[in-house]
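Colleague: The primary structure of each chain is shown beneath.
2 protein chains.
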Amino acid sequence: MAKINTSPLSGFMELTPADQITFNRLLETIKSSYERFGFIPVDTPLIERAEVLLAKAGGETEKQIYRFSKGDDDLALRFDLTVPLSRYVCEHYADIVFPFKRYHIGKVYRGERAQKGRYREFYQCDIDIIGDGSLGLVNDAEILGVIYTTFTALNFGKFIIRINNRKILSGCCQAFGCADKMTDVLRIIDKLEKIGNDAVTKELVELGLSPEDAQHLLGLLALRGSIDTITKALQPLAQRSEILQTGLSELQEVVKYLPAFNVSPDAFRIDLSIARGLDYYTGTVYETSLDGYPELGSICSGGRYDNLTEFYSNRKMPGVGISIGLTRLFSQLKSLGLLATTKKVLSDVIVIPFIEDLSYPLTIATQLRQHGINTEVYVENVKIKKKLDYANKQGIEWAIIIGQDEVDSKILTIKNMKTGEQVKGSAEDVCALVTQKKIILP
Amino acid sequence: MAKINTSPLSGFMELTPADQITFNRLLETIKSSYERFGFIPVDTPLIERAEVLLAKAGGETEKQIYRFSKGDDDLALRFDLTVPLSRYVCEHYADIVFPFKRYHIGKVYRGERAQKGRYREFYQCDIDIIGDGSLGLVNDAEILGVIYTTFTALNFGKFIIRINNRKILSGCCQAFGCADKMTDVLRIIDKLEKIGNDAVTKELVELGLSPEDAQHLLGLLALRGSIDTITKALQPLAQRSEILQTGLSELQEVVKYLPAFNVSPDAFRIDLSIARGLDYYTGTVYETSLDGYPELGSICSGGRYDNLTEFYSNRKMPGVGISIGLTRLFSQLKSLGLLATTKKVLSDVIVIPFIEDLSYPLTIATQLRQHGINTEVYVENVKIKKKLDYANKQGIEWAIIIGQDEVDSKILTIKNMKTGEQVKGSAEDVCALVTQKKIILP
Chain A
1 MAKINTSPLS
11 GFMELTPADQ
21 ITFNRLLETI
31 KSSYERFGFI
41 PVDTPLIERA
51 EVLLAKAGGE
61 TEKQIYRFSK
71 GDDDLALRFD
81 LTVPLSRYVC
91 EHYADIVFPF
101 KRYHIGKVYR
111 GERAQKGRYR
121 EFYQCDIDII
131 GDGSLGLVND
141 AEILGVIYTT
151 FTALNFGKFI
161 IRINNRKILS
171 GCCQAFGCAD
181 KMTDVLRIID
191 KLEKIGNDAV
201 TKELVELGLS
211 PEDAQHLLGL
221 LALRGSIDTI
231 TKALQPLAQR
241 SEILQTGLSE
251 LQEVVKYLPA
261 FNVSPDAFRI
271 DLSIARGLDY
281 YTGTVYETSL
291 DGYPELGSIC
301 SGGRYDNLTE
311 FYSNRKMPGV
321 GISIGLTRLF
331 SQLKSLGLLA
341 TTKKVLSDVI
351 VIPFIEDLSY
361 PLTIATQLRQ
371 HGINTEVYVE
381 NVKIKKKLDY
391 ANKQGIEWAI
401 IIGQDEVDSK
411 ILTIKNMKTG
421 EQVKGSAEDV
431 CALVTQKKII
441 LP
Chain B
443 MAKINTSPLS
453 GFMELTPADQ
463 ITFNRLLETI
473 KSSYERFGFI
483 PVDTPLIERA
493 EVLLAKAGGE
503 TEKQIYRFSK
513 GDDDLALRFD
523 LTVPLSRYVC
533 EHYADIVFPF
543 KRYHIGKVYR
553 GERAQKGRYR
563 EFYQCDIDII
573 GDGSLGLVND
583 AEILGVIYTT
593 FTALNFGKFI
603 IRINNRKILS
613 GCCQAFGCAD
623 KMTDVLRIID
633 KLEKIGNDAV
643 TKELVELGLS
653 PEDAQHLLGL
663 LALRGSIDTI
673 TKALQPLAQR
683 SEILQTGLSE
693 LQEVVKYLPA
703 FNVSPDAFRI
713 DLSIARGLDY
723 YTGTVYETSL
733 DGYPELGSIC
743 SGGRYDNLTE
753 FYSNRKMPGV
763 GISIGLTRLF
773 SQLKSLGLLA
783 TTKKVLSDVI
793 VIPFIEDLSY
803 PLTIATQLRQ
813 HGINTEVYVE
823 NVKIKKKLDY
833 ANKQGIEWAI
843 IIGQDEVDSK
853 ILTIKNMKTG
863 EQVKGSAEDV
873 CALVTQKKII
883 LP
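Residue numbers (our numbering), protein chains in the order written: chain A, 1 to 442; chain B, 443 to 884.
Think of the hints as simulated: they come from the structure by calculation, not from any bench.
The structure presented is a predicted model; accordingly, all values stated were derived computationally and were not measured.
Honestly, I wouldn't trust all of these hints.
[As the list claims (entries may be wrong)] Computed footprint of chain A on chain B, listed as stretches where at least three residues anywhere in the stretch have a Cβ under 8 Å from a Cβ of chain A:
1. 454 to 462
2. 468 to 479
3. 485 to 494
4. 584 to 595
5. 675 to 688
6. 701 to 709
7. 787 to 795
C-beta: ideal position from N, C-alpha, C; glycine also.
Based on the provided sequences and hints, a complete structural model is requested.
Modeller: Following this line, the structure appears as structure tokens:
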């Protein structure tokens, strides 16, 4: 029989069991951080009408889309979770209580050219807060609180959340008399890290800015410091642009609430050079990076937008949200050796029988499970050594070996495979021990 | 602007937020029941090479498959989780420790004709235990233990797990001298509930069975009772068929271990008429039904198979597993009014500020979250009545209203919105109260 190629398709991540357990742990951490702030889950179909997706897609996205037909239906796989949210909010408007705080963790599809670190199927972990007509700025601060809480819980190491307000960039362009060229200015600014100050200045001047204004703008983008420092530096320019004034007030309002969310000042930075895409975001924008790993780029980004549903409804629905691209992040962190994979199974306890009739060992396992303890029994009829090898390989923390003595005496011995700690007792004693350790240990 | 149709595609379930929370609760219950037995998670791409899926698909499945191309790739969406498991086990053989106990909860796709209760996208919740070369029968009993534990936890009401062994049916055919017509016999037996005893007898006789054998067979299929009763009834026939003898011993071995898994005798029945598909299963087969709702059919089915990987590998990998089709089950239970949707959000506590500066209310919320309490703050600047309406609509259990008095005194009042219970105290007191209630209450 000709063998079929069983490797997953190029650009599709498929993990070993041990890696999957680590991946799911991250996913759970993100999920529970989101839920901690009152976000609720939404799930939408992977497949959408092509017209729904194409209403927003354009350029690269449109080329990358997986589109196909089934019967008369022109279908496509979602390429992000924002378009489905937009459709969802319109469709279920009557069932939604606003402000609508939803999280969505799911796979999205982009048929990109396959290359290292690029995935065609990947998980996005999104939250958005959607207002019906209006949405207070304090939500922008809350999103920052969520990012801080989530990455603290994920425990990848020191991270920095950088924020900006798009209106400040727009306002600067206005003040410099190049409001009509804002898209070009942003495009040039985006290249700052790549091509450096001099080249950017040159391009800005070619675009029509005076050399002084270009210098001034670059000076602002390089500004670091507290909101007071930033305010002071922007104040003169803000006299010349109402938008800049608005952007600055918004930024002040957001920053004001950060202590209430317990965001450590170390983990937070105002950075006026952050633009995040050219036309979607309209206010606060966020980027998050891991300290010491600039090559990872932003690992959690997002911002404020004026209207989620412009393509599908006449209602105005402002929102603010972020996304974590977990598939790519996982693969990068793994390459860097930053992920600890300690558990190969989810079992807390393994019961290893050294007898033929498995009734008693199985009964003990049932009892442990009834106490909420994940328990497996090695039931295959193999040599003792192979049974013990299995327990060691899987890295299960506790083992209970049951031979005829245990069946007769009903006294069990449970052994911690890592510490060597060993306790003798009744089934109830053993349950109590494991439950206790589970609660005490993290 | 022409409005785009925002409804999900026909045959694709999309839930309101409240229903989604209920759905996810069921999903979590299933997941944790599976993990309780030591099953570990696997996740595979939604998209597979078409050849991988078509190796096993055939007939109806092949027609229903979503197939498309992207670049040079001939692709398709998975139609079940068994084929991906089979590919996965071959691909990751070196990283898998056997017996491999995996669970997989994910969406699958079948482009069926749209009709009530049929979905084109639906969740399957699968477990399988895969052996490398061999796999002990006690695993078949464990699967029964998992079904019992899962549906007990799901708490839909009384249920019955029916089991059979395919070898018993094969053996009966052998004993009646119609081993070559087994497929036809099974096809006819499958119609028993629909067309009744007489019509089935007639068809069996037309197939070549003597009227006496047809009667005998139907008598066996209708048998109810303990394994001893069944054994006694089958014993004479078992003399004439080795396969039947094997099937009977296997059934005895599986039933023997049920008390060890604490499976209630009420929830379990041997039913020799269960066949489950014509050629996949080779031993134990399972069906599960809700008492009093025969119209739901089997809500959890599966069985033992000789070789998971026959299409992709020369290794022999026997397995046993089950699947719950949660999307359909959810929709049926909802129609029947059997699902309680009590929670519209996941927040334990809502903080409602009656003041302009939100710093203090947000600080209190942060403190609650740090105690593991899901907390939201109503931050929009609206009338007091609208804030209270929100809390009531969402059905959040605890509310903390914060006005200037609370800011000044630092004494909070937390109120249980259902019971009216009200407690005054410091932020720490409030955290302790909610945490305590969360642990004590289910």
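Colleague: Look at each hint and say if it fits the structure.
Modeller: Hint check results:
1. 454 to 462: Coverage by chain A holds for the stretch 454 to 462 of chain B (8 residues, Cβ < 8 Å).
2. 468 to 479: This one holds; 3 residues, not fewer than the three required, reach chain A with a Cβ under 8 Å.
3. 485 to 494: holds (count 9)
4. 584 to 595: holds (count 3)
5. 675 to 688: As far as the stretch 675 to 688 of chain B goes, the hint is violated, because 0 residues have Cβ atoms under 8 Å from chain A.
6. 701 to 709: holds (count 4)
7. 787 to 795: holds (count 4)
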